[in-house]
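*Asks:* Read off the chains here:
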Amino acid sequence: MDLHHTPTPAGQEYLPEKRALLLDYTLQLADTSLILGHRLSEWCGHGPILEQDLAMANIALDLIGETRSLYQYAAELEGQSRTEDDLAYLREAVHYKNPLLVEQPNGDFAHTILRQFLFDGYHFLLLQQLQNSPDQRLAAIAAKSFKEASYHLKWSSEWVIRLGDGTEESKARLLKAMDHLWMFSGELFLMTETEQQLAQAGIIPDSASLLPQWEAHVAKVFAEATLEVPQNVFMQKGGKIGRHSEHLGYILTELQYLQRAYPGLEW
Amino acid sequence: METIIEKSLEEVFEEKIANDIRIEPKDWMPEQYRKTLVRQISQHAHSEIVGMLPEGNWITRAPSLKRKAILLSKVQDEAGHGLYLYSAAETLGTTRDQMIADLHSGKAKYSSIFNYPTLSWADIGAIGWLVDGAAIMNQVPLIRTSYGPYARAMVRVCKEESFHQRQGFEIMMTLCNGAPAQKQMAQEAFNRWWWPTLMMFGPKDSESPNTEQSMRWKIKRFTNDELRQRFVDMMVPQAEFLGLTVPDKDLKWNETKNGYDFGDVDWEEFWNVVKGNGPCNKDRLSARVKAHEEGAWVREAALAHAQKRAQREAQA
Ligand SMILES: [Fe+2]
Ligand SMILES: [Fe+2]
Ligand SMILES: [Fe+2]
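Note that the protein sequences, when read in sequence, are chains D and L.
Under the working numbering, the first sequence is numbered contiguously, ending at residue 337.
Under the working numbering, the second sequence is numbered contiguously, ending at residue 303.
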């Protein structure tokens, strides 16, 4: 018997409807950390400073580790003998549930830093709360990743400050990145129907309620970075319900290439 | 007067070498010893960094999440090796900036193996198994090299290199036990990487001008040909175990020498790749130069910010 393909059923304590919600949400988190981890891993070997090349690979590794735990849990919730890799490698872009922010291209280092900073603040606050989820598995995954996310947030906050309060050029680049990326920050706190229902049931935090703390951290870091917080920006949304940018298709084409070209093999 | 002091310093140095006592950064050392070490350690550091590129080429296409994580952490290790080695070389009075400038100008070399392309996933297995395997063979003796900081860097590096080799072998094993298409992928990668890996041990002893002095100074502990022979003897049984055919029609067991006889490396190819004519020399170097140039504004910003901060703290 191939143990690999017979996950123990998880989430039996939930009614099927709630289990489906939990599956949907777990996939959303997994897709999010996978896509951002993938993007960061594109830097490997090409970073601006060797030490930062290492730091980005480190964060990518943390995110991929988190991804694996989440997909493993999702596969168990689903109970259909799919594996973490089936979930990552055999789903279409329109079924991916990550917010638009994390699929945005790396651009220059300022883009990567700002994307990371906007995400890290959210990720940190979310995991901090999710550690207390009555769902034991999510709580355990969140507790492990929370420690890592605290380090990520520290790293990206410091870099926002360095680039904002560095040279004219670094500031100009960061502002340009802001112009591209700020509009994707709103979706992080915009709750899908799934999130609303799970939050109402007290299983996950109300992510909308995390917004004020996130804004406070952003304001504090931006003040140190001598940047202004953008106002009245029209916010993009849709990633969490499968309406992605054109970028995601290319990410998945690359990511899924071998599994698609040679279906059903072990690697 | 001066010559007398010099001579006694040199005697002290020679005595340490003879008694296997490590040379440390503050010790007197002959200029040529220093130069040889800077050349070798920086070349080694550059190899770690340039070596990130061919494997990095498959991080985004790794076939499973587990493989992706392992590969990413391996390539990240190589960056770490580069860092330790640049630091070791810096103890000899050169700077990382200078070494990087020499790499980018083509003055400094890096291991030629990284001038070959990674064409399939099996290349990632082949590199870990063969290239990291050859690196271990070259580097384990360096744990006993005469220069202290280099020897200590090698202890850390070698520990991680053996994990690299294991993961490479494991990829090859999975492919060799997999579908026919996977096995074929493995054999093709093996065919492509075998000979370039043998070239990693450097030119034949008869054509390696630096070997003799380096052996005398105990920077090097074995000659190129000795290491190449050991490598072949170690790898052939592993290839057999995997069910792969060594792409060398002259390979055969030699009872008298208790080792394998094997064909001659294509030295013309070797020297051409060294000179910059390998399939990826231009790509590798331009990728490094591009990363460096595009990173200039980041390094400037970090420096400017640190200065502003120091100024503010001084005023406070
Ligand atoms: Fe290495
Ligand atoms: Fe190495
Ligand atoms: Fe290695």
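Hints in this document: simulated from the structure, not taken from any laboratory.
Keep in mind that a hint or two might mislead.
Here are the simulated DSSO-like cross-link-like pairs (lysine-lysine), alpha carbons at most 27 Å apart as the crow flies [what the hints assert, rightly or not]:
| hint | chain 1 | residue 1 | chain 2 | residue 2 |
| --- | --- | --- | --- | --- |
| 1 | L | Lys277 | D | Lys246 |
| 2 | D | Lys224 | L | Lys295 |
| 3 | L | Lys295 | D | Lys241 |
| 4 | L | Lys277 | D | Lys241 |
| 5 | D | Lys217 | L | Lys53 |
| 6 | L | Lys295 | D | Lys246 |
Coverage of chain L stretches by chain D, computed from C-beta distances (three or more under 8 Å per stretch; other residues unrestricted) [said to hold, decoys possible]:
| hint | segment |
| --- | --- |
| 7 | 55 to 64 |
| 8 | 222 to 229 |
Idealized CB from N, CA, C, for every residue including glycine.
*Asks:* With reference to the structure, classify each hint as holding or not holding.
*Replies:* Verification of the hints:
1. Taking the CA atoms of Lys277(L) and Lys246(D), the gap is near 21 Å; set against the 27 Å cutoff, the hint holds.
2. Between Lys224(D) and Lys295(L), the direct Cα distance comes to roughly 20 Å. Compliance with the 27 Å bound is thereby established for this hinted pair.
3. Distance restraint check for Lys295(L) and Lys241(D): the Cα-Cα separation of roughly 14 Å lies within the 27 Å cut-off, and the hinted pair is therefore satisfied.
4. Note on Lys277(L) and Lys241(D): the hinted pairing holds, with a Cα-Cα distance of about 21 Å set against a maximum of 27 Å.
5. For a cut-off of 27 Å, the pair hint linking Lys217(D) to Lys53(L) stands: about 21 Å separates their Cα positions.
6. Pair hint Lys295(L) plus Lys246(D) holds up; C-alpha atoms about 23 Å apart against a cutoff of 27 Å.
7. Restraint check on the segment 55 to 64 of chain L versus chain D: 6 residues with Cβ-Cβ distances below 8 Å, three needed, restraint holds.
8. Residues of the segment 222 to 229 of chain L lying with their CB closer than 8 Å to a CB of chain D number 0, which falls below the three-residue condition for coverage.
When each numbered hint is compared with the structure, a violation occurs for hint 8 only.
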